[in-house]
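Chains as they are written, first to last, in the numbering used here: chain A, 43 to 290; chain B, 43 to 290; chain C, 43 to 290; chain D, 43 to 290.
Since the hints were made in silico from the structure, they are not lab data. Mixed in with the good hints, there may be bad ones.
The list treats identical chains as interchangeable, and a pair is accepted whether it falls inside one copy or across any two copies.
Stated by the list, open to error - In silico lysine-lysine, BS3-like type, Cα no more than 27 angstroms apart, as pairs:
#1 K176 <-> K126
#2 K281 <-> K270
#3 K183 <-> K126
#4 K270 <-> K183
There are 4 protein chains.
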Amino acid sequence: MMDTLKLDLVVASRTLADHGVIDAYGHASARSTANPQRYFMACNLAPELVTEGDILEYDLDSNALDANGRALYQERFIHGEIYKARPDVMAIVHNHSHAVVPFSCTNVALLPIFHMAAFIGLGLPLWDIREAQKGSDMLVKSPELGSHLAAALGAHPGVLMRGHGSTVVAENIPRAVGRSIYLDINARMQYQAIVLAGDGGSVSYMDEAEVAANVSWQNYERSWRLWKEKALGRLIEEKAAAARGSSR
Amino acid sequence: MMDTLKLDLVVASRTLADHGVIDAYGHASARSTANPQRYFMACNLAPELVTEGDILEYDLDSNALDANGRALYQERFIHGEIYKARPDVMAIVHNHSHAVVPFSCTNVALLPIFHMAAFIGLGLPLWDIREAQKGSDMLVKSPELGSHLAAALGAHPGVLMRGHGSTVVAENIPRAVGRSIYLDINARMQYQAIVLAGDGGSVSYMDEAEVAANVSWQNYERSWRLWKEKALGRLIEEKAAAARGSSR
Amino acid sequence: MMDTLKLDLVVASRTLADHGVIDAYGHASARSTANPQRYFMACNLAPELVTEGDILEYDLDSNALDANGRALYQERFIHGEIYKARPDVMAIVHNHSHAVVPFSCTNVALLPIFHMAAFIGLGLPLWDIREAQKGSDMLVKSPELGSHLAAALGAHPGVLMRGHGSTVVAENIPRAVGRSIYLDINARMQYQAIVLAGDGGSVSYMDEAEVAANVSWQNYERSWRLWKEKALGRLIEEKAAAARGSSR
Amino acid sequence: MMDTLKLDLVVASRTLADHGVIDAYGHASARSTANPQRYFMACNLAPELVTEGDILEYDLDSNALDANGRALYQERFIHGEIYKARPDVMAIVHNHSHAVVPFSCTNVALLPIFHMAAFIGLGLPLWDIREAQKGSDMLVKSPELGSHLAAALGAHPGVLMRGHGSTVVAENIPRAVGRSIYLDINARMQYQAIVLAGDGGSVSYMDEAEVAANVSWQNYERSWRLWKEKALGRLIEEKAAAARGSSR
Numbered sequence: 043m044m045d046t047l048k049l050d051l052v053v054a055s056r057t058l059a060d061h062g063v064i065d066a067y068g069h070a071s072a073r074s075t076a077n078p079q080r081y082f083m084a085c086n087l088a089p090e091l092v093t094e095g096d097i098l099e100y101d102l103d104s105n106a107l108d109a110n111g112r113a114l115y116q117e118r119f120i121h122g123e124i125y126k127a128r129p130d131v132m133a134i135v136h137n138h139s140h141a142v143v144p145f146s147c148t149n150v151a152l153l154p155i156f157h158m159a160a161f162i163g164l165g166l167p168l169w170d171i172r173e174a175q176k177g178s179d180m181l182v183k184s185p186e187l188g189s190h191l192a193a194a195l196g197a198h199p200g201v202l203m204r205g206h207g208s209t210v211v212a213e214n215i216p217r218a219v220g221r222s223i224y225l226d227i228n229a230r231m232q233y234q235a236i237v238l239a240g241d242g243g244s245v246s247y248m249d250e251a252e253v254a255a256n257v258s259w260q261n262y263e264r265s266w267r268l269w270k271e272k273a274l275g276r277l278i279e280e281k282a283a284a285a286r287g288s289s290r
Numbered sequence: 043m044m045d046t047l048k049l050d051l052v053v054a055s056r057t058l059a060d061h062g063v064i065d066a067y068g069h070a071s072a073r074s075t076a077n078p079q080r081y082f083m084a085c086n087l088a089p090e091l092v093t094e095g096d097i098l099e100y101d102l103d104s105n106a107l108d109a110n111g112r113a114l115y116q117e118r119f120i121h122g123e124i125y126k127a128r129p130d131v132m133a134i135v136h137n138h139s140h141a142v143v144p145f146s147c148t149n150v151a152l153l154p155i156f157h158m159a160a161f162i163g164l165g166l167p168l169w170d171i172r173e174a175q176k177g178s179d180m181l182v183k184s185p186e187l188g189s190h191l192a193a194a195l196g197a198h199p200g201v202l203m204r205g206h207g208s209t210v211v212a213e214n215i216p217r218a219v220g221r222s223i224y225l226d227i228n229a230r231m232q233y234q235a236i237v238l239a240g241d242g243g244s245v246s247y248m249d250e251a252e253v254a255a256n257v258s259w260q261n262y263e264r265s266w267r268l269w270k271e272k273a274l275g276r277l278i279e280e281k282a283a284a285a286r287g288s289s290r
Numbered sequence: 043m044m045d046t047l048k049l050d051l052v053v054a055s056r057t058l059a060d061h062g063v064i065d066a067y068g069h070a071s072a073r074s075t076a077n078p079q080r081y082f083m084a085c086n087l088a089p090e091l092v093t094e095g096d097i098l099e100y101d102l103d104s105n106a107l108d109a110n111g112r113a114l115y116q117e118r119f120i121h122g123e124i125y126k127a128r129p130d131v132m133a134i135v136h137n138h139s140h141a142v143v144p145f146s147c148t149n150v151a152l153l154p155i156f157h158m159a160a161f162i163g164l165g166l167p168l169w170d171i172r173e174a175q176k177g178s179d180m181l182v183k184s185p186e187l188g189s190h191l192a193a194a195l196g197a198h199p200g201v202l203m204r205g206h207g208s209t210v211v212a213e214n215i216p217r218a219v220g221r222s223i224y225l226d227i228n229a230r231m232q233y234q235a236i237v238l239a240g241d242g243g244s245v246s247y248m249d250e251a252e253v254a255a256n257v258s259w260q261n262y263e264r265s266w267r268l269w270k271e272k273a274l275g276r277l278i279e280e281k282a283a284a285a286r287g288s289s290r
Numbered sequence: 043m044m045d046t047l048k049l050d051l052v053v054a055s056r057t058l059a060d061h062g063v064i065d066a067y068g069h070a071s072a073r074s075t076a077n078p079q080r081y082f083m084a085c086n087l088a089p090e091l092v093t094e095g096d097i098l099e100y101d102l103d104s105n106a107l108d109a110n111g112r113a114l115y116q117e118r119f120i121h122g123e124i125y126k127a128r129p130d131v132m133a134i135v136h137n138h139s140h141a142v143v144p145f146s147c148t149n150v151a152l153l154p155i156f157h158m159a160a161f162i163g164l165g166l167p168l169w170d171i172r173e174a175q176k177g178s179d180m181l182v183k184s185p186e187l188g189s190h191l192a193a194a195l196g197a198h199p200g201v202l203m204r205g206h207g208s209t210v211v212a213e214n215i216p217r218a219v220g221r222s223i224y225l226d227i228n229a230r231m232q233y234q235a236i237v238l239a240g241d242g243g244s245v246s247y248m249d250e251a252e253v254a255a256n257v258s259w260q261n262y263e264r265s266w267r268l269w270k271e272k273a274l275g276r277l278i279e280e281k282a283a284a285a286r287g288s289s290r
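With the hints as extra help, turn the sequences into a complete structure.
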């Protein structure tokens, strides 16, 4: 079971990188299904390099239990503090997707314009790190900052982080990954719709009932199967290339 | 003949995915040339994974005749109901192409700005699922919704779907695929032209006579040859990789 | 010598496709260095599939001398008529690059904002096919239309074609390819600069003296070496793959 | 030590090309750690073709000491003159990244909107070559122009060049590369934020204290490890392909 979770985190990391939602930064985690006081996440490594052996187990204070000297993500407290505050959350993606940042720096709210991103209709609060700490380096690198972010998240499916990106949560890994990818796409569509409508124009968003009807089941299952097949195919290629290299 | 059609649907699916017109969602279908009461479309699978063995035969009520337990696209009724209503239609693409959605959510009409997308000049009605059902999850997952969409389509070559994407129809598969790809490109060009022209500026579109002269022959034949060659090349590679994998 | 020219046209075709300046449509040609009354261009084929064996010789009336039944580009008259009208022109690229079309449909003139596209400062007239023929299908598929376009081009390095794209000319193939690629990039940069400057803002373009100093030598030589190395590398791979296929 | 530096310049060149920050033009250099009066940079070659054997040693007047007849970048004086004026600078990237040029041609200042590009908050002066030379071809191809640019740079981490691009400096290669990549990303985000905020809207940027806290440590280390692994992997593939080719 833990092995499935670790492999799913590898798939998640590489899929998010493939879609440009994360680059060398950003990370995906999952709460342990065996022990809700534990979560899994990679050591300090660019997501598209992550393999199963890089996935560590953390307690909710974000101490790694099996690091063996490997460096950790400075922002791991985002994950630990949200898992503390939100028992329903089983997976978290922290990302820097490009189209979302402009919304985090203006007063324009992200709204659900595209049905694949209906979850936005559940509300995405905006968190400004300045409210927790003046003159920070913008990173959520202490339990206090993680806890402050978790409070801003509240019961929502995600939180925008000013000048930084967002953190998206869900009941399972595919949903957290799918939400992160479609959040970025929705942001681009909404940007274009606002520009297209022009001053005084109006944009039509999903209404509350539509949001509720969609989020109740949307787990991006068909996408997940595609993403998994592609990521596993690449993993096999990488291992074959490494084997060729070491046999020379 | 059916084999050609199935292979063409594989080419269509992979080509649309290559161009970002569909991702894991969206689907292409073709009416049977042997029996106009039947159509072909993949089972529930991301289009870029589709091979000939995944293409099923459906009746016009969108029952699959040879599913053998495989799951079906929830939105297959888009296809069946349009084939019922439009005897001239031989191929359909339902897609989520990104540049089109903003037009579906504003009052700005898509118009033919680029000669490769002249068919837009035949008119693309806008369908809002709310007119058929309040509080839906946005999916066309019943015969009633499919039939309502088909009525909105009328005699046009496509229909925009608010907050969702579009459905494009044609007399053959290459034309349905080409129209879907150039619809997205036209949307991006038109968006930029509107922004560039600015308030009070004007944009020059194709006129009715130009549209009529172009759509009479435009089947994207040179593109189709390119797309087919690329898709078949990849299929061969995939089979070779699979063979290497199974012989290990 | 002709062999070099044919290979350079293969490199040109594939490079333009790589940069998204052409897709299945658009074409590159070169005047024969042996006989100025002849030019070379591919038969009717998507540019990224073109190999040396697909390059035909045409007279200036755009009759192919060695087609052997192969179909020809409908718009070959663009090339023949410009070679007639402009003895200085040795290479021509006709393309549909996406960022240029919006400029062809508005009253906003393309201007040289980026030093790599200084040639724009020599002037790019806008040609509307309607001035030559009402209700056309937008294609330059007769000697008369080609000649009308050539007249609009005049002594300039290129001409925009309303709702269609552009045709770029030069004294050699690398320059025609480089100009086509940077025309598209300049168009995107200029679009963004205009939007960024906003109403009442001003954008700084290259002045006449800067344009003159730059165009006198700009042949995109370092780019051409890169493009050639990449295109030839791919040609070798394709031949190897074809050889593997035929030996099975 | 010098070998490490040369390999790092190969990684830098290919990484910048991968990210679209440079194409065939643009270049990365590093000051010699053995002799501060020397720097290393490739001969005249597109960055994505550069291998260790192409890296030459230059004195600060930008004379190559080991060119052996190989052509040099015309704009090498950008590097030599900045190394003269700025003893703290150990690495320089000159680039044409697309999103930055519009800012260089308008009165809109680039500001740090994204925490990965905090260094922008240290100020990026705008240099217009016209202030040094009227009617230039836009290239910094003399010691005088290089020195004029270096004066405009002053003590800042980079300088915008009107209609051309930018030059970014740093205390080490990873920082110069990372800053160049995130400068382009920040420019795109800022552009979108300004458009999104609209007339009279406001955009929230990093403040001085946040900039100071971030730039003190930001070396893009996790990115550098990723970029290096990918670039070295490709180098190995290229050598293997070349070996196969020469053994035929």
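Status of the hints after comparison with the structure:
no., hint, verdict
1, K176 <-> K126, "within (25 angstroms within a copy, 38 angstroms between copies)"
2, K281 <-> K270, "both (16 angstroms within a copy, 18 angstroms between copies)"
3, K183 <-> K126, "within (16 angstroms within a copy, 39 angstroms between copies)"
4, K270 <-> K183, "between (31 angstroms within a copy, 26 angstroms between copies)"
Of the numbered hints stated above, none is contradicted by the structure.
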